[in-house]
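Between the sequences and the hints, there should be enough to build the whole structure, so can you do that?
Protein chains in written order, with this note's numbering: chain Y, 1 to 327; chain S, 1 to 225.
Source of the hints: derived by calculation from the structure; they are not laboratory data. Honestly, I wouldn't trust all of these hints.
As the list claims (entries may be wrong) - To give a feel for the contact side, a few chain Y residues facing chain S, derived at Cβ under 10 Å: (1) Ala20; (2) Gln28; (3) His30; (4) Pro33; (5) Phe79; (6) Pro82; (7) Ser83; (8) Ser93; (9) Tyr107; (10) Leu116; (11) Thr117; (12) Pro140; (13) Val142.
Stated by the list, open to error - One side of the interface only, derived from the structure: several residues of chain Y facing chain S at Cβ under 10 Å: (14) Pro24; (15) Val39; (16) Ala40; (17) Gly54; (18) Gly76; (19) Ile78; (20) Thr80; (21) Ser81; (22) Leu112; (23) Glu115; (24) Gln237.
Unchecked claim - Computed cross-link-like contacts, SDA-like style, restricted to lysine to any residue with a CA-CA straight-line distance of at most 25 Å: (25) S:Lys50 to Y:Glu115; (26) Y:Lys307 to Y:Pro319; (27) S:Lys125 to Y:Asn144; (28) S:Lys178 to Y:Pro218; (29) S:Lys50 to Y:Ala143; (30) Y:Lys307 to Y:Leu132; (31) S:Lys178 to Y:Leu243; (32) S:Lys125 to S:Glu176; (33) S:Lys125 to Y:Glu220; (34) S:Lys125 to Y:Arg250; (35) Y:Lys307 to Y:Arg250; (36) Y:Lys307 to Y:Val137; (37) S:Lys178 to Y:Glu220; (38) S:Lys125 to S:Ile173; (39) S:Lys125 to Y:Ala143; (40) S:Lys125 to Y:Ala180.
From a predicted model like this one, the values you see are computed outputs, not experimental measurements. Beta carbons are placed, not taken as given, at the ideal position from N, Cα and C, and that holds for glycine.
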Amino acid sequence: MHSFMNTPGSAITQSLRGMALCHPDIIQVHFDPDFVERVAPTQAGKVAIVSGSGSGHEPLPIGYVGFGMLDAACPGPIFTSPSPIQLLAAVHSVDQGGGVLFVVKNYSGGVLNAELTIEMALQEGIDVRSVLVNDDVSIPIVANRRGLGAAALACKIAGAAAESGYSLDAVVDVTRRAIAASRSMGVGTNVNTLPRNGRGVNLADDTIELGVGIHGEPGEVRSVHQGVPEIVGMLIQPILDDLPYAADDRVLLLVSGMGGTPPLELYLFSEAIHELLSAHQIRVERQLVGNYLTSLGRGGYTTTLMKLDNELRDLWDAPVHTPALHW
Amino acid sequence: MGREITIFQFRRWLLAYAARIIENESHLTELDTAIGDADHGVNMRRGMEKLQERLQEDAQTEDIGTFLRSVAMTLISAVGGAAGPLYGTFFLRAATSPTNGRSVDLIQLTQMFRYGLDGLQQRGKAQADDKTMIDTIQPAVEAMEAALAARQSAAVVLAAARQAAHLGMKHTIEIEAKKGRASYLGPHSIGHQDPGATSAYFLFETAAEALTTFNSSGNSSERAA
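In structure tokens:
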């Protein structure tokens, strides 16, 4: 038995019910269509923040529902984006008259379902906008870049801005700025097994896959000769070169496991990441290490840097109360 | 103009399509495992099971536009992924093309496919040779239009569409993906048939079967696959 999740359809329902039982003070779960909504009351006219995602990336997005972050999140089937029916139900439930923002990771399914929902909502007179998260530097064509860790960061920035009374236009602007300041890349060890198709490949002991996606999308197989610092170099350098991040930049560092790499290893990688950033005189001003964007039980992690200014830092620091993030 | 194509034939077409997709679920999964995220078979089967439930309901009271819109909403809610909104948009847009209520003539049928294709291209922003379902549907619709212009019968028009769709589907093996998850693989996507182009081919394969069998009862003799 490699998973407790034998039937993906009912696994998601069971997990949602369990989550509702574990966090009754933060979230409530609606079924058919499925969406998770915050319990905390909101100010009339507050911009509502909604994010949808295929299941299998928890805590993204449903673990980020609550005060200071998402008003609602829609879980799709495993690795498959939720439908416009779910997204529209969430919009109806959370719209306070201030408009709605979708935080959308750049995958064709997510983008198409969001666009179709926005058309339907506009026909009803509800102002829904979207921001696209595309921080994965492993994809050469910028338009095709996937959404990785910046999705979690964008939900936090957007949620904090909405909570502190920003207008829909202003929430859109600051969230786009946060995404534009962010770059990510993933590294994988073993490939995850998907329910139903049983795919699963283990890499040779001395190889890793660089630039992997969070749905089992393959990366480039590389041999590793010198261990952790070498892997961290392969992962961080393309990120630094892409923005580019320069000496004296202040950054938020996110190191997120994909579900199959223990926290012990995440901190071990974090040491090497800190050393490399320090050598480039880049200042890590805020950080988050743990499982924040996963890929079922895959081994590996993603690293995200977001270049900070005072506004982004203050929005990051603003109070948040969700199952996965709270301060 | 020959005989008109009725709502019963549309219903039979989509029942045949649902059955063909379900039969081919593992084939679609296999294709999508090679260059995508392995969910096309599962997603399409889930949508087709819902569509079968929907099609069991009485079609007597509907016109073709209402029928196609309902098919679209079923696919949008049940398929998910990229395929849900794409197939949904195809049928939503097809539903807005002119009909004679509960039947269409061949000109209207061809126009209906053209409306669907245009909607699909606006939604997905894919061009020919991007290695997507457009590579199947665009040549099929163009073949329909050419055969119609040459005053061919419905059987010939739909056979031309099916043949062009088949060639288009096979052509996706030779080209590099520019859209969708397969595009992350760049040149490594060459040599693999696109799963979306494959599920789209079955639309034309089943259309050539069901839309040319004239029988108003909905109980026509089914052609074996």
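| said: Lys125 of chain S and Arg250 of chain Y were given as a pair; does the straight-line alpha-carbon distance stay at or below 25 Å? | reply: Judged against 25 Å, a Cα distance of about 38 Å means the pair is violated.
| Do the numbers back the hint for Pro140 of chain Y, that is, is its least Cβ distance to chain S under 10 Å? | holds (8 Å)
| message | Hint Tyr107 of chain Y vs chain S: min CB-CB distance below 10 Å? | response | With Cβ-Cβ at 7 Å, under 10 Å, it holds.
| If you draw a straight line from the CA of Lys307 of chain Y to the CA of Val137 of chain Y, is it 25 Å or shorter? | Holds, at roughly 15 Å.
| Satisfaction of hint between Leu243 of chain Y and Lys178 of chain S, Cα-Cα up to 25 Å | Answer holds: Lys178 of chain S to Leu243 of chain Y is near 24 Å, not above 25 Å.
| chain S contact restraint for Ser81 of chain Y - C-beta distance below 10 Å | At about 6 Å, which falls below the 10 Å cut-off, the nearest Cβ of chain S leaves the hint on Ser81 of chain Y intact, so it holds.
| request: Identify whether the interface hint at Ile78 of chain Y stands, where standing means a beta carbon of chain S within less than 10 Å of its own. | output: At about 8 Å, which falls below the 10 Å cut-off, the nearest Cβ of chain S leaves the hint on Ile78 of chain Y intact, so it holds.
| message | Against the 25 Å threshold, does the CA-CA distance of Lys307 of chain Y and Arg250 of chain Y hold or violate the hint? | response | holds (6 Å)
| Taken at face value, is the distance from the CA of Asn144 of chain Y to the CA of Lys125 of chain S at most 25 Å? | Answer holds: Lys125 of chain S to Asn144 of chain Y is near 13 Å, not above 25 Å.
| request: Below or equal to 25 Å on CA atoms is what counts here, so check Lys125 of chain S against Glu176 of chain S. | output: holds (16 Å)
| said: For the restraint on Leu116 of chain Y, tell me whether the closest CB of chain S is nearer than 10 Å. | reply: Nearest chain S Cβ about 5 Å off; hint holds.
| query | Measuring from the C-beta of Gln237 of chain Y to each C-beta in chain S, is the shortest one below 10 Å? | reply | violated (20 Å)
Hint violations for this structure: numbers 1, 2, 3, 8, 13, 14, 15, 16, 24, 29, 33 and 34, all remaining hints satisfied.
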